[in-house]
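Asker: If you read the sequences in order, they're chains A and B.
Take the first sequence: its letter number 55 is residue 55 in the working numbering, and every next letter is one higher.
Take the second sequence: its letter number 120 is residue 248 in the working numbering, and every next letter is one higher.
Among the hints, erroneous ones may be present.
Pairs of lysine-lysine residues, derived as DSS-like cross-links and limited to a Cα-Cα distance of at most 25 Å, are as follows [claimed, not checked]:
1) Lys-73(A) x Lys-519(B)
2) Lys-522(B) x Lys-578(B)
3) Lys-73(A) x Lys-472(B)
4) Lys-519(B) x Lys-585(B)
Quick list of the computed label-pair ranges, beta carbon to beta carbon [what the hints assert, rightly or not]:
5) Lys-70(A) x Glu-297(B): 47 to 55 Å
6) Ile-229(B) x Pro-90(A): 48 to 56 Å
7) Lys-381(B) x Val-91(A): 38 to 46 Å
8) Lys-78(A) x His-555(B): 57 to 65 Å
9) Pro-227(B) x Lys-122(A): 17 to 25 Å
10) Lys-70(A) x Asp-384(B): 42 to 50 Å
11) Arg-461(B) x Ile-30(A): 23 to 31 Å
12) Gly-48(A) x Asp-384(B): 20 to 28 Å
If you want the footprint, here are the derived chain A segments under chain B, 3+ residues with CB under 8 Å [to be verified]:
13) 78 to 84
14) 92 to 100
15) 108 to 120
If you are wondering where the hints come from, they were derived from the structure by calculation, not from laboratory data.
Note that beta-carbon positions come from the ideal geometry of N, C-alpha and C, so glycine has one too.
Chain residues, written in single-letter form:
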Amino acid sequence: MKAWLNFSPSIVNKTVISDLIKHYDVSFNILRADITPKGGKMLIEISGTEADKGIEYLEKEGIQLNPIKKVVKKDKEKCVDCGECVSLCPVEAITIADDWTVNLDDQKCIGCGFCKSSCPTKAIKIAD
Amino acid sequence: MKTIEEINQKIKDGDAVVVTAREMTRIVQENGAGKAAEEVDVVTTGTFGAMCSSGAFFNFGHSDPPIKMSRTYLNGVEAYSGLAAVDAYLGATQPHRNPDIGTDYGGAHLLEDLVRGKEVELVAEAFGTDCYPRTDVHTFISLESLNQAIMVNPRNCYQNYAAATNSTEETLYTYLGTLLPQMGNVGYSSAGELSPLLNDPYFQTIGVGTRIFLCGGQGYILGEGTQHATEGERKNGVPVGSAGTLMLQGDLKKMDAKFLRGATMPKYGSTLYVGAGIPIPILNEEIAQRTGISDQDIHCNIYDYGVPRRSRPVVMETNYHDLRSGKIEINGREVQTSPLSSFKKALEVAEELKMWIEKGDFFLTNPVKNIPSQGCTVKPLEIKRPSLLVKDLKIKPIITARAEDAISGVARKMVDNNINHLPVVDHAGRLMGIVTSWDIAHAVAKDSKKLTEVMTKKVIVALEDEPVELIARRIDKHEISGVPIVNRENLVRGMITAEDISRLICSQNKEGD
Numbered sequence: 001m002k003a004w005l006n007f008s009p010s011i012v013n014k015t016v017i018s019d020l021i022k023h024y025d026v027s028f029n030i031l032r033a034d035i036t037p038k039g040g041k042m043l044i045e046i047s048g049t050e051a052d053k054g055i056e057y058l059e060k061e062g063i064q065l066n067p068i069k070k071v072v073k074k075d076k077e078k079c080v081d082c083g084e085c086v087s088l089c090p091v092e093a094i095t096i097a098d099d100w101t102v103n104l105d106d107q108k109c110i111g112c113g114f115c116k117s118s119c120p121t122k123a124i125k126i127a128d
Numbered sequence: 129m130k131t132i133e134e135i136n137q138k139i140k141d142g143d144a145v146v147v148t149a150r151e152m153t154r155i156v157q158e159n160g161a162g163k164a165a166e167e168v169d170v171v172t173t174g175t176f177g178a179m180c181s182s183g184a185f186f187n188f189g190h191s192d193p194p195i196k197m198s199r200t201y202l203n204g205v206e207a208y209s210g211l212a213a214v215d216a217y218l219g220a221t222q223p224h225r226n227p228d229i230g231t232d233y234g235g236a237h238l239l240e241d242l243v244r245g246k247e248v249e250l251v252a253e254a255f256g257t258d259c260y261p262r263t264d265v266h267t268f269i270s271l272e273s274l275n276q277a278i279m280v281n282p283r284n285c286y287q288n289y290a291a292a293t294n295s296t297e298e299t300l301y302t303y304l305g306t307l308l309p310q311m312g313n314v315g316y317s318s319a320g321e322l323s324p325l326l327n328d329p330y331f332q333t334i335g336v337g338t339r340i341f342l343c344g345g346q347g348y349i350l351g352e353g354t355q356h357a358t359e360g361e362r363k364n365g366v367p368v369g370s371a372g373t374l375m376l377q378g379d380l381k382k383m384d385a386k387f388l389r390g391a392t393m394p395k396y397g398s399t400l401y402v403g404a405g406i407p408i409p410i411l412n413e414e415i416a417q418r419t420g421i422s423d424q425d426i427h428c429n430i431y432d433y434g435v436p437r438r439s440r441p442v443v444m445e446t447n448y449h450d451l452r453s454g455k456i457e458i459n460g461r462e463v464q465t466s467p468l469s470s471f472k473k474a475l476e477v478a479e480e481l482k483m484w485i486e487k488g489d490f491f492l493t494n495p496v497k498n499i500p501s502q503g504c505t506v507k508p509l510e511i512k513r514p515s516l517l518v519k520d521l522k523i524k525p526i527i528t529a530r531a532e533d534a535i536s537g538v539a540r541k542m543v544d545n546n547i548n549h550l551p552v553v554d555h556a557g558r559l560m561g562i563v564t565s566w567d568i569a570h571a572v573a574k575d576s577k578k579l580t581e582v583m584t585k586k587v588i589v590a591l592e593d594e595p596v597e598l599i600a601r602r603i604d605k606h607e608i609s610g611v612p613i614v615n616r617e618n619l620v621r622g623m624i625t626a627e628d629i630s631r632l633i634c635s636q637n638k639e640g641d
């Protein structure tokens, strides 16, 4: 699953993430992070046999967790399937199908937003 | 073998065999051109690409009292009104008058809004005459309320086009899309085997007056477009570069937003996605053969858009089969490609036109006049006052610092020479970094002693043989106040500052008076 972790100022100096990885069997990928002494947030992807336990642990440590269902979304009305975004995706989450429709793979997407800022018809939305 | 009149009779009788250019490619490959010419009557082509040279003429009708509009804005986008009283031409790339909106809503977006039936704000100003006393207008109009809204696109349907990559270290924003650093991707634009002018590369059937599909309505070819060129290199009968173009006309009131879309190329400008399709009558075997062209046979060059000059270096030659596969190899490395023009929409255009002809709603035309297929070249614009190169500037004596110099010594050097920038060099005079008076202030504030701690190591530079305009843009883009001049060996030859450039412009303006 992908989720935003919200860090309050009181926990930014705790080693929550490394403890999580030490104690639980989880795979953990940081997609985006913006953390300052005043708190901050981190977009993560978490999987593995103990992902649920790991999430419980994070919440117990005081991290507010907001799962996101969709990272990237294409507005089918606005999109003209030009394909400008395809080569900009660093994780090859954007592909052109056999019928030449441009598809965005939400599972692969890391939410970098490069496709969004380059879209000529502003047809791509990235979840905050 | 066949005539347009015979084909039109077949269309009327519902007997015409119509295929898209993509289908025709397979038919010719499988059955040969001779058989294809006997079986097929019409091949429909299509393209749906960003075509900046597009726009529309409007006639607003006369108000009471009447006005002779001298400045006209539609939803804040200026239309050219140096025409009769209430006529104006709106171009697709015209940005919004409010710089905060700028290219996010330009002429192209306004055209789409009109086609979608939206009401738009009309603001016009005038100086007032005896016959046109009114001096301003502020009202709302729609496509329906306009007397005429005629799309006239001076240059559409480029026969072929360059593909682009970027060898520099920074991301570039171009009309061929966003180009990643270090040749990280490739942008291309042509619809390849579906593209109209690649299916009739010598203009044997396409001419002045040819009826076409334009943005969901019926339009016409007015003639060759601007920058029409015929003398470029050809492979398999089709140009390898941009070559031929068309000037198109159509009634905006009959168009469909499905085939016309306002868009913005980030940090470049607004542009109009135009859906255009041209029917090609298969009059003989040669024409059939030409419409049989495949993506594999259509070549194009990938240019390095990292070089911002008129002649950009060719990185390599490729073809549309490879480009459309999504990945190509440049210098042994796999690179992703982006089409920029929608092949899906181009197919829809070709299919729609095919359906019109099959239903007997669209008939073919004989050209009134042929479009030139030879003798056309594109002349460059010669600047009478040639670009000044960096090396032509009066370069002040070269003053540099060494990495091991003390901060106080560097500060003194700046004061003594009345300068704010000092390139830092190694023993051989090669550029290592740059310090500014601000860096020195910073060093004092932080109590740094070493120059290497405060100098900028990643330096933006000017090469001796670059035009000064380019350096001005570079200084502006990076929000810096000066750049060291280096030669090909990275040896420092001097400094060029924003002040030098403004002084240069002042002196040039004086000369011009």
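Asker: Going through the numbered hints above, which ones does this structure break? Give me the numbers in ascending order.
Answerer: 1, 2, 5, 6, 10, 12
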